[in-house]
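Trainee: Residue-level listing of the chains:
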Amino acid sequence: MERLKTGDRIECSYAGTRFNGTYITSREGKAVIKLDSGYNIGVGSDTCRFMERPDPVGRPEISTTQNDSLPPLSIISTGGTIASRIDYRTGAVTSQFDADDILRAIPGLSGIARYRTTQLYTILSENMTPAIWQELAAAVYKEIKNGATGVIVTHGTDTMSYSSAAVSFMVDTPVPVIFVGSQRSADRPSSDNTMNALCSATAAVSPLGEVAVVMHASTSDDRCAIHRATRVRKMHTSRRDAFQSIGIAPLGYVDYPSLDIHLSPGAVRRGSREPAISPVLDESCRLLYFYPGMPPSALPETGEVHGLVLAGTGLGHVSTDWIPALKTLVDDGTIIMMTSQCLNGRVCDRVYDTGRDLLKIGVIEGADTLPEVALVKMMWVLGNEKDPEKQRLLFSSSIKGECMRRSLHGL
Amino acid sequence: MERLKTGDRIECSYAGTRFNGTYITSREGKAVIKLDSGYNIGVGSDTCRFMERPDPVGRPEISTTQNDSLPPLSIISTGGTIASRIDYRTGAVTSQFDADDILRAIPGLSGIARYRTTQLYTILSENMTPAIWQELAAAVYKEIKNGATGVIVTHGTDTMSYSSAAVSFMVDTPVPVIFVGSQRSADRPSSDNTMNALCSATAAVSPLGEVAVVMHASTSDDRCAIHRATRVRKMHTSRRDAFQSIGIAPLGYVDYPSLDIHLSPGAVRRGSREPAISPVLDESCRLLYFYPGMPPSALPETGEVHGLVLAGTGLGHVSTDWIPALKTLVDDGTIIMMTSQCLNGRVCDRVYDTGRDLLKIGVIEGADTLPEVALVKMMWVLGNEKDPEKQRLLFSSSIKGECMRRSLHGL
Amino acid sequence: MDYEKIGLLAGIEIHQQLDTKEKLFCRCPTLLRKTEEHSGEYHRYLRATESEMGEIDDAAREEMKRERKFTYYTYDSTCLVENDEEPPAPLNQEALVLSLTIAKMFGMTPIEQINMMRKLVIDGSNTSGFQRTALIAVNGTLPNGGRIETLCLEEEAAQRVEGEIFSLDRLGIPLVEITTSPCMHTPEEVREMAGYLGMVLRSTGQVKRGLGTIRQDVNISITGGARIEVKGVQELDLVADVVKREALRQQNLIMIRDQLLSRGAFVQPAPFDVTGLFTGTGSSILKKAKIILAVCLIGFSGLVGYEIQPGRRLGTEMSDYAKKCGVGGIFHTDELPAHGITADEVEALHRALGTTEKDCIVLVAATPKQAHCAAMQVIKRAGFALDGVPEETRKMLPEGNTAYMRPLPGAARMYPETDVLPVLVEPSMWDSISLPELLTVRALRFSTELGIDEGLARQIAFSERLPLFERAVMERINPTLAARTILGTLKEIQRDGADISMISDDRFIEVLHAVESGKAAKEAIPELLRMVAKGAGTDEAIEKCAPAISRDQLHAIITKIVDERAAFVQEKGNAALVPLMGVVMAEVRGSSDGKIVSELLRKEIERVCKSR
Amino acid sequence: MDYEKIGLLAGIEIHQQLDTKEKLFCRCPTLLRKTEEHSGEYHRYLRATESEMGEIDDAAREEMKRERKFTYYTYDSTCLVENDEEPPAPLNQEALVLSLTIAKMFGMTPIEQINMMRKLVIDGSNTSGFQRTALIAVNGTLPNGGRIETLCLEEEAAQRVEGEIFSLDRLGIPLVEITTSPCMHTPEEVREMAGYLGMVLRSTGQVKRGLGTIRQDVNISITGGARIEVKGVQELDLVADVVKREALRQQNLIMIRDQLLSRGAFVQPAPFDVTGLFTGTGSSILKKAKIILAVCLIGFSGLVGYEIQPGRRLGTEMSDYAKKCGVGGIFHTDELPAHGITADEVEALHRALGTTEKDCIVLVAATPKQAHCAAMQVIKRAGFALDGVPEETRKMLPEGNTAYMRPLPGAARMYPETDVLPVLVEPSMWDSISLPELLTVRALRFSTELGIDEGLARQIAFSERLPLFERAVMERINPTLAARTILGTLKEIQRDGADISMISDDRFIEVLHAVESGKAAKEAIPELLRMVAKGAGTDEAIEKCAPAISRDQLHAIITKIVDERAAFVQEKGNAALVPLMGVVMAEVRGSSDGKIVSELLRKEIERVCKSR
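Residue numbers (my numbering), protein chains in the order written: chain E, 1 to 411; chain V, 1 to 411; chain G, 1 to 612; chain R, 1 to 612.
Source of the hints: derived by calculation from the structure; they are not laboratory data.
Computed from a predicted structure; not experimentally measured.
Don't take each hint at face value.
Per label pair, the in silico range of CB-to-CB distance [claimed, not checked]: (1) R:Glu391 x V:Ala99: 38 to 46 angstroms; (2) V:Arg27 x R:Asp123: 28 to 36 angstroms; (3) V:Arg18 x E:Thr328: 48 to 56 angstroms.
Straight-line Cα separation of at most 16 angstroms, EDC-like style, residue types lysine to aspartate or glutamate; simulated pairs [to be verified]: (4) G:Lys69 x E:Asp222; (5) V:Lys30 x R:Glu426; (6) R:Lys69 x V:Asp255; (7) R:Lys119 x V:Asp36; (8) E:Lys30 x G:Glu112; (9) G:Lys119 x E:Asp87.
Beta carbons are placed, not taken as given, at the ideal position from N, Cα and C, and that holds for glycine.
Model the full structure from these sequences, guided by the hints.
Mentor: Pasting the structure below:
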């Protein structure tokens, strides 16, 4: 008997009846077949008889047009899907990316801009690496130089805030660079992809002039928040409004469905910076999360890494046991920065003894920089500045809004 | 010339004038002296002339009385200070702990209960260790067995949530065990110590029957929140309301200054459990925080630890590169649990490929357990249960409210 | 009517909510809530996904693209899964086993590996935009020899509060969907089989009861007609009527088709703008309209007004189609002059359109957009009349009539729910499922074993309070007393305003025990239950509404009764005890314990006998 | 009065806000806000710490223990440091350098290592419950030969909005506190030195200006009197009056003491309850009171009513003490009968208490708790009268009088601010500080170098708008015009309702340039500035209120003027240009450019000359 392939028409004898259906796959020893009623069932493969192999179904061609009078936006895809297509015959969901696909899936986009699309990667965002961040930065920079009014980067949400921070450090941009993703997959009618995409395109043609993440502001489909790339964090595994600005209010909001945009006075405006790129990253940096009883042996060996970000407790502490080992590391040239696992609030190592000891041995205070952002910043600083004094200056100042001079009131 | 000691009366010639004052200390090469106006100044030690060494000032004796008709509470101190005393003569701040001290500092306490105090440790909370958690659990258990109506544990805030979770796992308590600390030091008139102490005593005599953290609910002095020990996290470095229940509403509130208490229906009630203690912890557990590009070499070696908690991205992911190394660890007997660095929301490794791969190699889903609590839970489970099947059952169920079957709406 | 002759074929699709502890894909209780208890709300838009668009015309595509804004009410008994904000939990095992039990009761064969599907539903009733559903078992049998085709396990949709507002309490409650083949041939058979299906489901003791917890769809066709699906027949008693009237409708539509064909009738493919003809009309509706369009149905005269179901005409069917465009209705010349439209106007209409009295003209008056849409709908439906019966989904009207709802759905748009792992139904698990006693069997057993009236036995067996009855019987309470109290008294006092949900099973049994032991009279039961419903303890209720009589008072009563019957007592001696016991108990209305009464009575009888 | 003879000694303590970019211990701007702009509020209780309690009596202890609830307004220009929710940032370097500069201007010696202190303040004005303050320098000199004891750098307190509500915008603004020794001997000298101190501070150009940004406390004593601290003298002009009246008050109190001692007067140590005496009183206050207490001041008659400052008596001082308990005031027999209290009632009072007309009785009417508290306060103050002048902190009243506020503070309760690291003042840094020109020196320079009137020079040098004046001069605008416009015109149009804060320096300079270049007439300045204040651009304003004249119009005007003076022109030839230029410019009111006018005028003159 012919080996069954996905899409083959088959006849299945089961429970004394014959069903017609489509062969889908083999799973855990069962043949999964799609009955003509639409249901999948898993049955013994011996019950299935091959009938025919249909010609592949061509996808309906619906052409879309772009409006040349609208501003040009570039969309760079890294694997986050804006659009997807379900083949109900086989149940397969495939993500779609070219401009036609996107405009067909989200017709509203065509009223905002015209689009140029680049598919840079198709990976899950947990598989991102600093090397990919660098390529992404180069791609973003290229689009800016090519005259894009704004750049949209579609990205898996898991590590979107890391990537957006990395691009923010590497690229000086006069135009908005908007990272966007979706928390609910694009194949479902409830997906947040449409609203996030429309709001991100709106932000990308707006007077904004910095790298930002645009995602749902609440569980309702009422508005998206525009978050500064270096102050945003994924704070929920699954909610639409998982992305939250930490320690600052969002840079603005895009209302939905009106697409009215509101930028805060603090948002960097379009044209504030000349385009530039400093794409070097020193990957030899590590983020370490401290907990009580964590042995100093968990620290990297001397010389193992160039930079180490600690996520300490409270105002920025680790066990007193760690001080000698940290001192050795610092003395041997490892740059160590302290951040807080509290995430909100500012590190201040002047208040308690442990903190003062840390300052004494040369650990750098990370102010209110988020631990993950501090890691990315460290890679960037060590990659682009070799003079230790200037490094320290960079660490203690805000390069792209990652640390703030004042702590606002909200928690 | 006599070597100056703190408290010595001196005369200082400076700027052509003579000042009388008190010698405090030597700091960075300067003699710090306290002028009679109260100001400290740092001047060259050659300007100071010893005058006399006053007799030590006895502290005023104000006796306090305890009301025997009130319920007995036990206060165990680990280093968090409820009360402190300033010696304005020398500027020294000393923390105070015996019952008299506390009642003198916070007279309101004497109206709530009578107190027995134990000073177990005087350490900064970043220096806590699992071994100390065990001693603390034993001390708490002893007070419960001795008939305490409730137990209050004063604790530094940095790692209070770790310790409270540890005690929660180790001790079955029929009475409230309340952890309390202060975010602003007890020597200042604005300290949160008084309100937190009064509210924790109120919670300790209430119908509650579990381990909880009682701290400010907002920046205002209006009420304290009662947080379940296994669902609370310090979410701000310095605000009074740094402690937040994650994924659940607090167990209740204590209004201030009325000290009215409101318990939620979900709070475990007094007497629900028989007192018991299972104080073994397997310290050979580690918490690892994943970030993009983190090399698999950052994982512990095979056999290095018994248990490993991962704080993955999003729904509970790490780089695909990690799968083989994790598989080796699991195959060699390391228990690995996945939690999310999002903190809010539930791990679900059935949705994406990486997650399904993790499940396939035997990584355990941590549901919505907080990463830090998962670490403590792992130490406890591995310490108290050796059967791998039963361990898995414990990991996937809620022992002390650390993971929930339903995800409520709030973020 | 001879249904065999007209070739009636009917099938049933039953949706039954399961009474599990938790929902199908989350750990929330399956609890229906009052909407005023909602803890919050949010709103969302649902969008048809791109693949939906491929095959359909631009207008429909436009329509599906139109974003609709839905509002959802949350409760403290709902969670992020209902909010479509968390992946589903693994399939609820209790629901799976229960649905397999039901399948086994119908003699069905389980699917070896159950695959959960997403079925697209974008009417807002599912926050995700799809309903999760899985085929669990196939090929069962019915007592009439018919076949049950499939049994699916699904999640219930959210309940519509009003407009586009939905309540999330119901979303995710497990539901079995049982689909029979079109194996029934008379309206009565449909009713009977529907009843049977319901009985089997209730026999599990684990299905939800009450309004809306079971919904029946009926598929009906006759020879030469078409398959019609009537949705949401909630009352069993109406099933037969629905079938009858649908058969009648199909017969009439076939007759109309034959007439039209013989007349050579046809439909003008586009509407005419006749707004100008009615500038001076007396019809307020026409006067208000922005535009008036006319559809010419050549040769249709008289048939559009022909009654096809009691009170419903072919014109009503056209009107139903037109209403989908938001218009209030249509006018057609079969019913004119009327509604302020004069005969002259009708004539002018014919003249202007070049039609005659043999033709029927349908008028639509509305905004340009609506009117055009409605006119095209009328043309569509009129065209169908030339083919006979169009395949439709119809909704039931109060009397058993039906009205057009939407076209029959195409193939359901389904794709796998990848967030839920497939479940193997191991043969050992299937074998271990034990079948519950059918309620019909149980009713028979009650009547034979407990000796209660057959009707009462059936009533109590089918009652929601069956578990309470069985407990009472276990506790040796008189079965008839228990059944009558449950079926009669409770309903009675509820009708009078008592909140019988406040009467716990424990209290209820206590009251019956009190009656059985003579601590309270049977007659006091309604009053006692009323007081218990208000929160009183059983003893407290007895104390208040049938206060215990003191031993002295009791003594006086007994003395009086015995003295009054001194002759009888002296005659019968101790044998007078039993008859007099009844007299005394009636007097004290159950306010005294039977033992004490008997003791005192015995003494009094002795006294009177001695005094002889 | 001969102040030397009575031994007047006075010192000044000046608090001056610094105009730094950021606050002393956080990075917020030093911006005062309108309270209605507040972004949020929270409330706190402050508690005296335990150590506070050791030495003081139970009543006071009770008082300090009483928790007071304070409300704080936050702004988008305040942060967690003001909220006492974040450790302080390191000491603001700008503020440190500025305070050292001031110290250097007074010839003071800096402290080698500056140690920040916490000074306890639990009146709610500091969220932390303490004020951060550091001694920066010591031992400076004043022009009168007196000494400046200390200069401290402190954080400003929060501003009281009302009651216990505070606004956080002001909290944390850097403040220097300069304390002189009691080195002044006449009221005029005090005023002069206060003026000098202020002038030196303003000479830095970096101190805040305006109401409340500088506050003066004055310490006053006379021989035999006591040290009195008068708080918050905000207007320099009142300083001398305050000193005069306080000297007078102390003199009178000493006189009263001498009288009392000679009379053998004393105070009954406890009050009497005399409520019963006034049951039928016509005094509405007494009638309403829950209790009436009487304090007997034996031998005080006449002296309680003696005026010690214009309009204030010893009784007023007692009343001030009593008011601390929440009562509205007191009655004393020196002023009775009055206020509805009859002579009979006074007599009855004396009779009941066994006192005579030589004695004075003070009545307190209130709730029992308040009345007791107030009576004890009266007893306390009356006792002080036997000693002369009690040491007090007093507040200024509008006319220069003062009223009791609280006892003189004891030793400040200070301990180190450990969250701020000590700062070394390196000699090199101290040496590098350059001293700004004193305003007095600058005024002199203006008058000599720029040739403006001496008074005007002084006025402009001391003005807040000095930088604007200096810029105008730099840009070669006539100094007198600039000074007069700044000091006169701007104030004038502000008085008329213009929002002069809308006039940027750039615009202001533009307007003056326009006038100087003849594009606008001097007379147009007020109107131009008014328009600029409303948002107009300079050119726009000139266009509107002094519209440019067209070349043709200008030509016509010039032709007319030249023709009218043909004889003169013909006589003078080109030499007529300058005189006629003035005539034309006056006519066109600056609406035309001088160059064009001169060009046209030259041509016309030539024409007329030629036509001769």
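Trainee: Hint by hint, note whether the structure agrees.
Mentor: Taking the hints in turn, this is what the structure says about them:
1. R:Glu391 x V:Ala99: 38 to 46 angstroms: This hint holds: roughly 40 angstroms between Cβ atoms.
2. V:Arg27 x R:Asp123: 28 to 36 angstroms: holds, 32 angstroms
3. V:Arg18 x E:Thr328: 48 to 56 angstroms: holds, 49 angstroms
4. G:Lys69 x E:Asp222: Holds: Lys69 of chain G and Asp222 of chain E sit about 10 angstroms apart, inside 16 angstroms.
5. V:Lys30 x R:Glu426: Holds - the C-alpha atoms of Glu426 of chain R and Lys30 of chain V are around 12 angstroms apart, at most 16 angstroms.
6. R:Lys69 x V:Asp255: holds, 14 angstroms
7. R:Lys119 x V:Asp36: holds, 14 angstroms
8. E:Lys30 x G:Glu112: holds, 8 angstroms
9. G:Lys119 x E:Asp87: holds, 13 angstroms
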